[in-house]
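Protein chains: 2
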Amino acid sequence: MCQLLGMNCNVPTDICFSFAGFQARGGVTDHHRDGWGIAFFEGRGVRVFLDPQPSANSQIAELVRRYPIRSLNVIAHIRKATQGEVKLENTHPFQRELWGQYWIFAHNGNLLDYAPGFDGRFVPVGSTDSEAAFCDILQCLAAEFPDGPPSPQALHAALRRLAIRIGAHGPFNFLLSNGERLFAHCSTRLTYIIRKAPFAVAHLADQDVSVDFSQLTTPEDRVAVIATTPLTDNETWHAIAPGTLLTFRHGAPEALGDTATIAGGSEAEAGSV
Amino acid sequence: MCQLLGMNCNVPTDICFSFAGFQARGGVTDHHRDGWGIAFFEGRGVRVFLDPQPSANSQIAELVRRYPIRSLNVIAHIRKATQGEVKLENTHPFQRELWGQYWIFAHNGNLLDYAPGFDGRFVPVGSTDSEAAFCDILQCLAAEFPDGPPSPQALHAALRRLAIRIGAHGPFNFLLSNGERLFAHCSTRLTYIIRKAPFAVAHLADQDVSVDFSQLTTPEDRVAVIATTPLTDNETWHAIAPGTLLTFRHGAPEALGDTATIAGGSEAEAGSV
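Residue numbers (the numbering used here), protein chains in the order written: chain A, 586 to 858; chain B, 586 to 858.
Bear in mind the hints are in silico, worked out from the structure with no lab data behind them.
From the three backbone atoms N, C-alpha and C, an ideal C-beta is built for every residue, glycine too.
Among these hints, one or two may not hold up.
[Said to hold, decoys possible] Here chain A is said to cover these stretches of chain B; the calculated rule only asks that three of the stretch's residues, wherever they fall, bring their Cβ under 8 Å from a Cβ of chain A:
| hint | segment |
| --- | --- |
| 1 | 625-635 |
| 2 | 638-648 |
| 3 | 688-699 |
| 4 | 798-811 |
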C-alpha cells in the first residue's frame with residue numbers, strides 16, 4: 586500500500602516541514618520505495634514532480650524539501666506498488682484536464698476485479714488500478730456535467746457516488762483536487778489536522794525535526810494537512826471515518842449540504858477542529 | 586518570442602549539455618525571462634518541470650542541468666511572454682492525454698485573431714494562444730481518429746494540415762511529442778543537428794562549456810537536437826525551411842511518404858546529415 590499526503594490552505598503555504606517527514610517514509614522509516622510524486626497548484630496552474638526512485642534518496646525530493654513552493658492545494662504520494670510495474674507512468678499523482686481545470690489524483694489502496702470501460706475521453710497511460718479509477722471518475726464527471734463545473738454540492742455528491750461504486754472493488758483512499766478544493770476519501774485509513782491560531786511547535790514522527798509555526802504564520806492562516814497516518818507526534822490528528830468523503834477548502838472541511846457518510850459512519854470531525 | 590529546444594534519440598540520452606546553453610538564454614545571454622519548462626518522456630510516462638521564474642536563476646533549472654534524466658524525447662521552452670500573463674498556467678510546455686498517450690507541446694510565435702472553438706474535449710487552462718493551439722490540434726486529432734492513433738503517415742498529414750490552418754494566424758514554430766515521435770514545425774525559425782558517430786567535441790554558443798561526445802556515447806547512438814537558434818558554435822546546424830513539419834524518430838527525421846513542404850519550400854536537410 587501507499588502513503589498519501591495532502592495540504593489545503595487559505596493562504597499559499599509551503600509544505601517543506603510535512604514533506605520532510607513524509608519523504609522519510611519512502612525508504613528510511615518505512616518501506617514505500619517504489620517511487621513518489623507531489624503536485625502543487627499555483628493559481629490555475631499545477632506543477633507535478635514525479636520520480637520512480639525512492640523518495641528517501643531522490644535528488645528531486647531533496648529539492649522539494651528545501652525549495653519552498655507556496656500553494657493552496659498540494660497532493661503527494663509515496664508508492665508501494667500493488668498493481669503496475671515501478672515505472673514513471675505508474676507514479677502518482679496523476680494529472681488530467683477537465684472543464685479547463687487541471688485535476689490531480691493519488692490513491693492508496695488496491696482495487697480488484699475492476700475494469701472500467703473507457704469511452705476515449707480519459708484513457709489510462711500506465712497500468713495501475715489507480716489511474717484507471719481516476720480516468721473513470723473524470724469520465725463520469727464529464728458525462729454528468731458536460732457544460733462545465735457543477736455546484737460544489739453536486740460535485741461532492743457525484744464524487745461520493747463514484748467513491749462508493751469504485752470502492753466496492755477494494756481499499757480506495759484517495760486525494761483529488763482541481764486547485765479550488767481538495768477532496769479526501771477515506772476507505773480504510775486517512776487522518777487530518779487543522780493548524781490555525783494559536784500556532785504551536787510541531788515535531789515530526791519520522792524525523793527529529795521540529796518547527797514553531799507561530800514564527801511562520803499570521804493569525805489568519807489556516808492549513809489542513811491530510812495524511813495516511815499522523816506526521817507529527819505531539820499534535821492531535823483526526824481519523825476520518827471509513828466511508829467518508831471530505832471536501833477541504835480554505836484550510837477546513839466544507840459543509841456541503843448533505844454531509845452524511847457514504848457507508849454508514851459519521852462525517853468525521855468536520856467543523857470541530 | 587520564445588526559445589524552443591527539443592531532443593529525439595535512439596537510446597535514452599541526457600540533455601544536460603544542451604540545456605546548460607539553453608538555460609543561459611533565460612535571463613543571462615538573452616532576454617527570455619518569463620518562465621521556462623522542460624518535459625522528459627521516459628517510457629510511456631512523462632516528467633514536466635515548470636517554473637514561472639527566469640531559468641537563469643531557477644533552482645529547478647539548476648537541478649535539471651545537473652541531474653541526468655535519460656530520455657528519448659525532450660521538449661523545453663523559455664518564455665518571452667506575448668499573450669497571457671507570466672503565470673504557471675501559461676508556462677510551456679503544456680501536457681494533455683490523447684489515445685492513452687501523454688502529449689507535450691511548446692510554441693514559439695504569436696497567433697493573432699485566433700479563437701478556436703472548443704467542444705469540451707480539450708479546454709485551455711491558461712490564457713495563451715499557444716495552449717489554445719495545442720487544444721485545437723488535439724481536439725482535431727481526436728475527432729479525425731476517434732479509435733486511436735492513426736498510422737504515422739496519417740498523423741503527419743493531419744498535423745501538417747493543422748499547422749497550415751493555425752499558422753495562418755501568425756508565427757507558429759512548435760515542438761510536439763507523444764513520446765514515440767517528436768514533431769517539429771518551422772514557421773519562421775527552427776534549426777536542428779544530428780549527432781552520430783564519429784562524435785566530436787561541441788562547444789556551447791551561450792557559455793564557455795565544451796563536451797567531448799565521443800567519451801559519452803557508443804557508435805550506434807544518434808541524437809537529434811532541435812532549437813530555435815544553434816546552441817553550439819563549432820557544429821553545423823541545419824535551418825529547417827519555413828513551412829516544414831519534420832517528424833523525428835530514433836534520432837533522425839523520418840520519411841513519411843509525402844514529405845513535400847507545407848507552404849512551397851523543400852523538406853529541409855532530411856536524411857542528409
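Evaluation of the provided hints:
Counting residues of the segment 625-635 of chain B whose beta carbon lies closer than 8 Å to any beta carbon of chain A gives 9, which meets the minimum of three for the stated coverage. Only residues whose beta carbon comes within less than 8 Å of a beta carbon in chain A count, and the segment 638-648 of chain B has 3; three or more means the coverage holds. Proximity of the segment 688-699 of chain B to chain A, defined as three or more residues with a beta carbon under 8 Å from a beta carbon of that chain, is not established by the 0 residues found. Residue count for the segment 798-811 of chain B with a Cβ under 8 Å from a Cβ of chain A: 0. That is fewer than the three needed, and the coverage hint is violated.
This entry does not satisfy hints 3, 4, going by the numbered hints stated previously.
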